[in-house]
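K.L.:
This is what each chain is made of:
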Amino acid sequence: MALTKETLLEMYFRMNEARFFEEKVAWFFARGMVHGTTHLSIGQEASGVASCMALKKCDLVSATHRGHSQVIGFGLDLNRITAELLGKETGYCKGKGGSMHIADIDSGNLGANGIVGGGYAISVGAALSQQYLKTGRVVLCFAGDGSTNEGSFHESLNLASIWKLPVIFYIENNLYGMSTSIDKHMNIKDIADRAKSYGIPGIVIDGNDAIEVYETIEKAAEHTRSGKGPILIESKTYRWSGHSKSDAQAYRTKEEVEEWKAKDPIKRLRKYMIENEIASEEELNKVEENAATALEEAVEFAINSPEPKVETVTDDVYA
Amino acid sequence: MALTKETLLEMYFRMNEARFFEEKVAWFFARGMVHGTTHLSIGQEASGVASCMALKKCDLVSATHRGHSQVIGFGLDLNRITAELLGKETGYCKGKGGSMHIADIDSGNLGANGIVGGGYAISVGAALSQQYLKTGRVVLCFAGDGSTNEGSFHESLNLASIWKLPVIFYIENNLYGMSTSIDKHMNIKDIADRAKSYGIPGIVIDGNDAIEVYETIEKAAEHTRSGKGPILIESKTYRWSGHSKSDAQAYRTKEEVEEWKAKDPIKRLRKYMIENEIASEEELNKVEENAATALEEAVEFAINSPEPKVETVTDDVYA
Amino acid sequence: MEMKEMTYKDAIRLGMSEEMRRDKNVIFFGEDIGLYGGAFGLSVGMLDEFGEDRVKDTPISEAVIAGAAAGAAATGLRPICEMMFMDFVTIAMDNLANQAAKMRYMFGGKAKVPMVMRLPAGSGTGAAAQHTQSLEAWLCHVPGLKVVTPSTPAQAKGLIKAAIRDDNPVCFIEHKLLYKEKGDVPIDEDYIVPLGVSDIKKEGTDVTIISYGTILQKVMIAAQDVEKEGISVEVVDPITLYPMDIETIIKSVKKTGRAIVVHEAAKTGGLGGEIAASITESEAFDYLDAPVLRLAGLDVPIPYNRNLEAAVVPGVDEIKNAIYKVMNR
Amino acid sequence: MEMKEMTYKDAIRLGMSEEMRRDKNVIFFGEDIGLYGGAFGLSVGMLDEFGEDRVKDTPISEAVIAGAAAGAAATGLRPICEMMFMDFVTIAMDNLANQAAKMRYMFGGKAKVPMVMRLPAGSGTGAAAQHTQSLEAWLCHVPGLKVVTPSTPAQAKGLIKAAIRDDNPVCFIEHKLLYKEKGDVPIDEDYIVPLGVSDIKKEGTDVTIISYGTILQKVMIAAQDVEKEGISVEVVDPITLYPMDIETIIKSVKKTGRAIVVHEAAKTGGLGGEIAASITESEAFDYLDAPVLRLAGLDVPIPYNRNLEAAVVPGVDEIKNAIYKVMNR
Ligand SMILES: Cc1ncc(C[n+]2csc(CCOP(=O)(O)OP(=O)(O)O)c2C)c(N)n1
Ligand SMILES: Cc1ncc(C[n+]2csc(CCOP(=O)(O)OP(=O)(O)O)c2C)c(N)n1
Ligand SMILES: [Mg+2]
Ligand SMILES: [Mg+2]
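Residue numbers (UniProt numbering), protein chains in the order written: chain Y, 1 to 319; chain R, 1 to 319; chain B, 1 to 329; chain P, 1 to 329.
What you were told as hints is all true, and nothing was included just to trick you.
Facing chain B, a subset of chain Y residues (Cβ under 8 Å, in silico): (1) 105; (2) 162; (3) 317.
With the C-beta cut set under 7 Å, the calculated list includes, among others, these residues of chain R facing chain B: (4) 35; (5) 101; (6) 150; (7) 151; (8) 179; (9) 250; (10) 251; (11) 314.
DSS-like cross-link-like pairs, simulated, lysine-lysine; straight-line CA separation at most 25 Å: (12) B:325 <-> P:254; (13) B:110 <-> Y:56; (14) R:196 <-> Y:184; (15) R:196 <-> Y:164; (16) Y:219 <-> Y:189; (17) Y:164 <-> Y:134; (18) B:325 <-> P:251; (19) B:112 <-> Y:57; (20) B:24 <-> Y:164; (21) Y:184 <-> R:164; (22) B:254 <-> P:325; (23) Y:196 <-> R:184; (24) R:134 <-> P:110; (25) R:309 <-> P:112; (26) B:201 <-> B:251; (27) R:286 <-> R:267; (28) Y:134 <-> B:110.
I should point out that these hints are in silico values taken from the structure, not numbers from a laboratory. Note that the structure is a prediction, hence the values are computed from the model and not measured. All C-beta atoms, glycine included, are put in the ideal place defined by N, C-alpha and C.
Using the sequences provided together with the hints, build the complete structure.
P.N.:
Written as structure tokens, this is what we have:
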């Protein structure tokens, strides 16, 4: 299916939403207005958004600690995401989850995860449900390069392969697991090569190219939806910010960061649409404005939302 | 280094010791004379013995739950092995370990392990010691095919690779993890291919060929001893007995078992020595007799050894 | 109630099978549970009845077994998964404690994780330190999990059914030494042993013993023995270890004025402390004629040798001595 | 003793560094501990001083971190390894509890496993359910492990040194909220806080409070507050949680006749039960004027929202109320 203009504009919208959202998050943190920590995905918007958008409406997604672009890409409501970040009652988790646990199981969002690699096994289980219940849905499991050294990666890909489960393991390789560069945490060039250990396809893509991301995931979803089993995709990308709120970034050079900033996935998508005459500068400016407005509204919504009542602390431990 | 007659005869001796020992273990169990459970390696003697014998005197070994051939191959004292099996005070673990935990750290035997895949990380640590202390020693880490689906396999091989540790991961692929055949527990033909995930060499060998086992391990030890990092070896073999003391073996055919019995690694080594005029029938018969005698003595030693005093139950929890 | 005599093991299988017949969303997976029928032969025949889609052998991968159960449970199935030995839950603790147990709360009450993890526990089999542990105390310290353990075949059937029907992650601890114990089991398919209800196994007036699992049998023998000497023992089996029905226990102790907790798990950090402290800090304190005693496994890994292994766990005599001790005060 | 003021965090680094200078077989590894200096900046500078051979970044692989520490310890090194957050020990429990803790015993006393696992624990940082747990009770239920936790900078330095010198696997629990707390620390390189010795932090005559870690500060505030009202509180910090010096605690309770255990970890299955039960079953029972109380975290996963998070852990007022409660009887 060729990418429609509508889809592309929506993608552009969500990528901008994600960017604006995270810039705002950074702003909140810099002012000590938010409790806890956060992991920004600025620079990874194509990887997080375009991948989710390539799914069908009812497909499932499991996100990571660096999950804002992912959940915004999935289409969760920016108001409730922002409210959750601020720990408000109206947030997706009623303030109990925060940045690292934004989730909406009802719509198929299995949640961001504070455990590196925590989403692998959950995704395998969710894919088992889809297979068993014959829903025709697939699971997109986000993970980072560093997480592929966890035992859970290995166990999960192996089991998914044997059971031919409808799950896409989608690795956002942003070159670092926290401060540890990929050449220090593994002895191979492409993580996609690890697919061979499980007899499944492994694909490397440019994670900063929204079009390539979209088309690859679309095909992968087809593949796994048709019963051919899981697939491993490595999306090469880069995070512009530090690992989390406090990171001196001694492990990388300013030049490297600048180099990647030049590969801005949002600008790139914009350029693509203009060069291919899909949309005009004005149209795109308008989309950006809309995204900015959406963010403003979300912030307003969140700030004006009530704090959860302290008595709710003991609610919802058990069903 | 060519295999000397002396080495070959010693190998033949230990393989026979292992076989006789395990036949005796089966006999003990059939008569309810032993507590607990046991995992026999009958049919895997070349894999367990020849590999250990290819090591240098001070190298280290980590064994598995199916570890009798491995520890006998390593050169542990049959008397104390047998005593441990019977839970006696004179056993390697003073009766506290039993069949699944025979160990002798002083001589470099890091112990059999009741946890499938439990030896991987321990071996990585032991190899780190050798590297750091510049001992020039290497670690031979035994494991089974089924264990390579544990997360610990993945984490351990990756870490060993990055740190270039002197460790050989030696997988005894006997085609089954308990009742689960390898084609049901993984989606690839050769486990050795998993080496690619870690950028290390992976080699498949005929585990029933003592000569090939010996020569491969010798070369691998050289490789890893010289600082080139770990190596993964898959030794294809077969266990003749059931998984443990109680196993109806519904998961495999009698024919398959018979087929593999025809590939008896002990007979094969014998044939090799005779055909290559390394040893005569009489010499080899004599070696077998010696092994039988050693076993008889070990059983006698074990049976006549005292039970540990009940008061020792609280000893040795802490150093 | 119509009864049939069967073993603890068969009762668990029956309970699982009935629930699988009743609800097609109940599936079962673990290592060698299919054709092999499980390491203890518990699930023999289930593959035949339910087929490969519902009775699934896994590779040896405990972490993903637990995590996949959580993921499947959160998305519409009601999985039963098995750790071949409870000791291996050490490999699955992240998925169990950080994912399955916390998902609902972390997500503001929106997830439901109706999974059961079966955990064969305990010593006495000569399997040594890595195959004999009783780790229920760990699980009871994880808000979001429920922890239950049956001590009779009837309970086993009714409790596994209740666990499967529960909408939360339930750790179902089985006692290997009880697998072959026989008892009358209700054949009624609606027979359920509800979670969170302690069972007064034997009434008495002088001392309350709280115990569960294999060692409960020794407690019963000791109780009968001392009864002949005129000491009347009330025995309470909590069945659900978390969240525990402590009220029934407190009521009993208020009546008897004395309490002993007996379990097989290592004493330090074991549930004995939890139960003893709960009794002492309750209104039962004012009724106590003696301190609450704990009788539990030694603080050692479990040794292989038969005599050493037996020495780790309290025996009937030690239980009787504990009874004498609290009575003599 | 010559003293220098420094933070808890710096004191741990100093203790580690001194031991690494003293004994070249002490090495240190974990995730992002090198150039990054650890998630909390605790080990900043150690890579520079000791080099890549001794301060080693690992991949994100908690299981092998723990297992490699055990293997290295059994073969001549004295590794310190770090879980970035205590919550991640869930991934390492097999290697910690089944391997490191049991090796010596299983092997008949022949192995020695001198390793330290550092575990930053506790809530109050807004990091939500998977980054805030206090799991000391699990570790104290594993015979073969030792478990310690410092509550002041001085203790932190002396205790990490003792842990490194100990020939057993020692779990060293650090409290994230204490990292920036300052205090006087002996600069003497032989200053050691021995394992297995409780510290009487404050003498008193009316009630004994047993507490450790971050919450101990609240206990001290509460104790000082009620002192003004004429209630004299003795505060005991066990420091070593397992094997605990319970004698000092019992002696204190015999003197005061009242005891309260306060910790941050979830109440059910927490160490409070263990300590309370140990007191009650000791000879202190006869001296008790009130039941031993436990004050602990709520039985919930830790929520993200600041107010909710704060509500999980007992505050100064609750501690004071508990004191009033035991005094009014
Ligand atoms: C099990 C576990 N180990 C360690 C951490 C701490 N941690 C959080 S994010 C992170 C780096 C993850 O790297 P990667 O998977 O590449 O994802 P990225 O942060 O680059 O998106 C680490 C080590 C954690 N949260 N969970
Ligand atoms: C962590 C763990 N999971 C499961 C088991 C139970 N178990 C013991 S041996 C075994 C099969 C192991 O298969 P493999 O690694 O191929 O070794 P083999 O028995 O064939 O020698 C299993 C499942 C165990 N001991 N440890
Ligand atoms: Mg990364
Ligand atoms: Mg095998």
